[in-house]
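2 protein chains.
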Amino acid sequence: MKRTCSVDPWLITEESLQPQDNRLAESLMSLGNGHMGMRGNFEEEFSGDSLQGTYIAGIYYPDKTRVGWWKIGYPEYFAKVLNAPNFIGIRVNIDGRGVDLAHWQVLSFRRTLDMRRSLLTRTFTVADETGHRFSVETTRFLSRKRREVAAIRYAIRPLDQAADIELTPYLDGDVANEDANYGEKFWELVNQSCTVDVSTLTMKTKKTEFFVTTAMNWSVTGVDNPSITHREHDKHVENTVSSRVGQGQSLQLTKFVAVTTSRDWAIEELDSAAEKRVREAKDLGWDMLLDEHTNAWERIWADGDVAIMGDAEAQQGVRFNIFQLHQTYTGDDPRLNIGPKGFTGEKYGGSTYWDTEAYCLPFYLSTMDSSIARNLLIYRHNHLEKAIENAAKLGCRGALYPMVTMNGEESHNEWEITFEEIHRNAAISYAIFNYVRYTGDEEYLAEYGYDVLLETSRYWADRAHYQPRKDVYMILGVTGPNEYENNINNNWYTNTMAAWNLRYTLDVRRYLERHHPQRLKDIETTRGLTAEERQDWATIKDKMYLPVIEEFGVFAQQDGFMDKEQLTVDDLPAEERPLNQNWSWDRILRSVFIKQADVLQGLFFLNHEFDLETKRRNFEFYEPRTVHESSLSPCVHSILAGELGLESKAYELYLRTARLDLDNYNNDTEDGLHITSMAGSWMSIVYGFGGLRIHDDTLHLQPFLPTAWEGYSFKLVFRGRRLRVSVSRDACHIGHEQGKPLDVSVHNCMVHLEQGQATDVSHA
Amino acid sequence: MKRTCSVDPWLITEESLQPQDNRLAESLMSLGNGHMGMRGNFEEEFSGDSLQGTYIAGIYYPDKTRVGWWKIGYPEYFAKVLNAPNFIGIRVNIDGRGVDLAHWQVLSFRRTLDMRRSLLTRTFTVADETGHRFSVETTRFLSRKRREVAAIRYAIRPLDQAADIELTPYLDGDVANEDANYGEKFWELVNQSCTVDVSTLTMKTKKTEFFVTTAMNWSVTGVDNPSITHREHDKHVENTVSSRVGQGQSLQLTKFVAVTTSRDWAIEELDSAAEKRVREAKDLGWDMLLDEHTNAWERIWADGDVAIMGDAEAQQGVRFNIFQLHQTYTGDDPRLNIGPKGFTGEKYGGSTYWDTEAYCLPFYLSTMDSSIARNLLIYRHNHLEKAIENAAKLGCRGALYPMVTMNGEESHNEWEITFEEIHRNAAISYAIFNYVRYTGDEEYLAEYGYDVLLETSRYWADRAHYQPRKDVYMILGVTGPNEYENNINNNWYTNTMAAWNLRYTLDVRRYLERHHPQRLKDIETTRGLTAEERQDWATIKDKMYLPVIEEFGVFAQQDGFMDKEQLTVDDLPAEERPLNQNWSWDRILRSVFIKQADVLQGLFFLNHEFDLETKRRNFEFYEPRTVHESSLSPCVHSILAGELGLESKAYELYLRTARLDLDNYNNDTEDGLHITSMAGSWMSIVYGFGGLRIHDDTLHLQPFLPTAWEGYSFKLVFRGRRLRVSVSRDACHIGHEQGKPLDVSVHNCMVHLEQGQATDVSHA
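As you go down the protein sequences, you meet chains A and B in turn.
Residue numbers are given in our numbering: position 760 of the first sequence equals residue 760, and the series is strictly consecutive.
Residue numbers are given in our numbering: position 455 of the second sequence equals residue 455, and the series is strictly consecutive.
In case anyone wonders, no lab produced these hints; they're calculated from the structure.
One thing to keep in mind: the hints can contain errors.
Where chains are identical, the list cannot tell them apart; a pair therefore holds if satisfied intra-copy or between any two copies.
[Unchecked claim] Derived DSS-like pairs: lysine-lysine, alpha-carbon spacing no greater than 30 Å straight-line: (1) 615 / 470; (2) 235 / 347; (3) 2 / 393; (4) 521 / 470; (5) 64 / 470; (6) 206 / 185; (7) 615 / 204; (8) 649 / 386; (9) 204 / 145; (10) 2 / 71; (11) 740 / 64; (12) 393 / 71; (13) 185 / 615; (14) 543 / 393.
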């Protein structure tokens, strides 16, 4: 754990330059607007430790894989998030010497991320070799309103005497990934144009041939008649603004940038589109641009804020999580998804894991218009044919969605994960169920949902096999959500969710029979589904083998679980944790220790199907065996603890992710933020403490207040209504802010609310 | 399958140039003398497809690993067999044009490996652009007598008219591995010296700093006063002999080479030692050098030949296998071992697998002086401390020998193999048992054996854990010899061999108590062995869980085996085999199909502990489920089939490896020969058809004659005696050629033999 930023409800502030932790700060100070993003890198040159990173949504590179021993079925490539051309850069020269905070004397330094406005500012004072001081202020943002536009303001002021200052805004395409398997560069120059007006740089990725044009222009204030030059070299265009700047005077450069890509534009239009965008931005001007950006963020917070009273650290933590999720994904483009590091680092490659369906979807469902969550679902529907190909590659019928993907193809290759962690398929079906349950949008099932349910069911039916000795269906050779066991047999979670997937598909089919018979017929004809196949599904779901541990009255993690040495986390010496940094892999695998919620993940997903006693027994059995070495784990346990009335346990588990990045708990935030687990942290509060559940078309709340807090409140959108929930020591206050009347269940009492109304339900 | 060489009892002959199969021929025509070896590359330049490969025993490179996802416990490097400086090269120029069989017209071509003498010859006729013909004869060998010496003779004759001919013998250190993980080169120049007398080239490997000096000189006959020049460039020294050569005249160059390494010499002596060796060779002259080489090979065949009557293909196959084994390992250096590809290719890296103990040891025990096998055992004893470190790395006590190694360190990194295929440890203990049983050398136990047994037992005791519910010890998370199952629980073979290892250790301890009490005390004091620990071993061996399949009365491959879909190999469509080229890895893993002998490996190793009915039931259960997709598999099944009287099955299985490389069965011989599996092929005949077993200090034979053969005979060394066994349709003829009298059991009859005596025992 390491905290480098001060605690504040809306600001993340680094109060001094901490070169040894610069990468950490860069991760924390990342900006994003769904279309693009970047780490909190400096605009000026910096020779200290830094991970320079600019990322554009949907632009990836299929890097050559690096495997120990090739295995049939491995994907041909490992998709990498691509470090894109650097467009924030502004070189700074004072009296002929380049400013570099690694070498200049830094008298003061502050870097601040304003979460309310998604704005990164720096103010610092440096002294040159003769001790003359200069103060600098920088501000940048990625427009929430105009997704292709960014703006950077750089102001510099000599404090002691006049100086010759040069500011050189540039675009640089000669960038590399640190995370390149063979040290190759992934970008090629297409063309570049350098003028003192608009300059552009068009690069394309090798292999994937994504074209990206970056355009810049700029304005300068504070000095009269600066000298302007332009210069270019391979993959690099720049302008230089030079001027004598008097003591106390401020030279201020505003750099406008536009980034267009071949994902959105015809290649021949790219340059002109970027030029048009950047001219519009300059014409609009900094203030207006910032204004519309700020307004957009205001609307986001109005729908999705969580306020915590009496705990400033928790307040900052949850806002940071909400903020970063909204920076990462805006939901207006169903070709995009939520990468595990968002726009904050290169690690993990790929953009989409089951994290999206399991952890992120509930967040977007509850805090944004339902069209956003719907786009997350359509993303998977668009990849259905590739999922069918993927299953075929592994010798199975139906659709197996990839574990990690950029474009629907599997792009990860550890056999124990890629080939065996097949439970992800059920998460994609579950997301459909969850979406429909939350939004009531049953039409989705006819339009998109049933296709996915049918093909995933087909996969499960093929992947399970009949074991005649026990008259059951089994699923062998899987990895469950607990990645600390590989190639196990009959993982309860996987088998349960597979059976559930089949059951839900048949349920949805009955709904379609009633409401969309023609559409059903069309789909089933197209996909060649027979009555026999459906009958098999019904048999398999009924005869799925679901292992139990009778002596404890709990579900069994997997067949061999009770043959393991039965230890609990309390038996582990502190110095051996985290296990994944201290134990060899085989030792982890044969141990009883669970990385992340597995049986309990099933109890969370299918919460309404299990009674409280069953949940309690399983929680009591599995929580002491769970090491939570995934950032995705504690939230699920926290939510169940909340439901079981184990309030202090729920709070303790919540703390493990609440400030995961802000306090660098896992000592890896320098690589980027844990974006998807941020949704889990939000869930801990709203589902865990707030007790949010959707069941029988009704929103249920069963809130409690952690003793460490004085109160908390959160916003919800639900079926077109906007609600506000405040929880105090004694009661839950629920307000209906907008939309049609709604009956809400609070502490199991039905409360009828109309727009503008509010009511209190006491906890007792 | 592809046969490119003609069938002959002693020769491997390629009758024409087959450029598309040149790599295959290069593998087959490899030469080796234990110290060094090389593929059957051409001496002259060849621009066609070729894998240039020269290898020196014990010289390796720790290449950077290539892994998908790093895991704790992985070794830092992947050891590569190193392509060493090329010393066979002789460039040939005729009338100013370089001879290159890829571009010259080849009128005839023959490449022949003489197995009796370990001699590679080529004769070919080429025509130049004007149609003038030249005949060439080349011969080379690696001296069996002088391990550091090689000799190459190159004779060229203009057939149609005189020509200007240049022969340029050279040494070239600018070589690379095809199998380099990141395309790096592994050698650096130390120094080079080029004269028209002796030239030397000293290179060293990066990181490991192995120094290798190659020296050459040469003599020329057939022309008077040739012009001689010398020339060098970076990492390359050469001489050129030029002369006008008349029609029908033969220009003959003999190149003498010496290769010395820092494994044998002080670095400052390397050059002078090489120079001395090469001068000695030249002084001795080609004929004498060849003579002593041939004599040495004669002695090898005298002790270790297998003759097969009535089946020329089988005869060639078994000789090829015996020949290559003797080329690979001579047993005079306990720092060396037997690489899976010997000196014939780069693939698989590493030099030592459990193949040595499981497959090769019996061959060397039976065909060479027992000191050779003893050195194989001492090799492991020398690595004991590294095996202890290796176990500690994986969190265990005692010694875990590496799966793949060059110097005792683990150098492979697939977790499912490296960390989990722990049964190899028992093979190393078993080799001690097998060696002592065969040789009667019980002193070895005191001197070296007990150390290894103690520390491997310690490992097993730690790696097994007590399962209180069943009151047994279990070993979870292993890969058995059947690498088509990973991370399984209670592999019968592993558990059985672990228990056996503990038991044998305690047996040996009782022997030491009686015969070497002081030595025992010393060892146990040094290693800190307590009575308590020994008591644990006794308990664990008695309570080891050994899974069975009751319904079939067989041992269970592993805990979950019967939950798999029960298919047999007959159910597999031909086009899906081999599975490892057609099925994704997860599908293989969850299938019932077994890659190589596993339960049956145990029945082979501990043969004397199981009755025939048990072996029969297990064979009948497992053989139909075994796909034999390892070249090491069929021999064990073949041996058991022979024992069970399933003669045609035994013969069918024998055929699968008998000519594995000669007929390129697995379509991968171009990468190198399957050296270790060659020992298995030998075992199929001597153990399988001959029924060789050692039990109660007695050599047992129970031979049968495959119906396809007219007879076969083999030589054996046993406890200082040399025996000859001939098997005809009716009887087994056994002759005692040398040594003290011996009682041998043939077909369960004890036969007393004195030197020079022979007897027949009829099969009936």
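Here is how each hint holds up against the structure:
1. 615 / 470: both (27 Å within a copy, 28 Å between copies)
2. 235 / 347: within (25 Å within a copy, 41 Å between copies)
3. 2 / 393: Between copies only: 29 Å across chains, 45 Å inside a chain, cut-off 30 Å.
4. 521 / 470: neither (36 Å within a copy, 54 Å between copies)
5. 64 / 470: For residue 64 and residue 470, neither the intra-copy (45 Å) nor the inter-copy (48 Å) Cα distance is at most 30 Å.
6. 206 / 185: both (9 Å within a copy, 27 Å between copies)
7. 615 / 204: Cα proximity of residue 615 and residue 204: none, with 52 Å in one copy and 65 Å across.
8. 649 / 386: neither (42 Å within a copy, 45 Å between copies)
9. 204 / 145: Classified as within; 26 Å inside a copy, 63 Å across copies.
10. 2 / 71: Classified as between; 25 Å across copies, 41 Å inside a copy.
11. 740 / 64: neither (54 Å within a copy, 64 Å between copies)
12. 393 / 71: Both, since 12 Å and 27 Å are each at most 30 Å.
13. 185 / 615: neither (51 Å within a copy, 59 Å between copies)
14. 543 / 393: So residue 543 and residue 393 pass the 30 Å test inside one copy only (27 Å; across, 44 Å).
Hints 4, 5, 7, 8, 11, 13, counting from the list given before, are not met by this structure.
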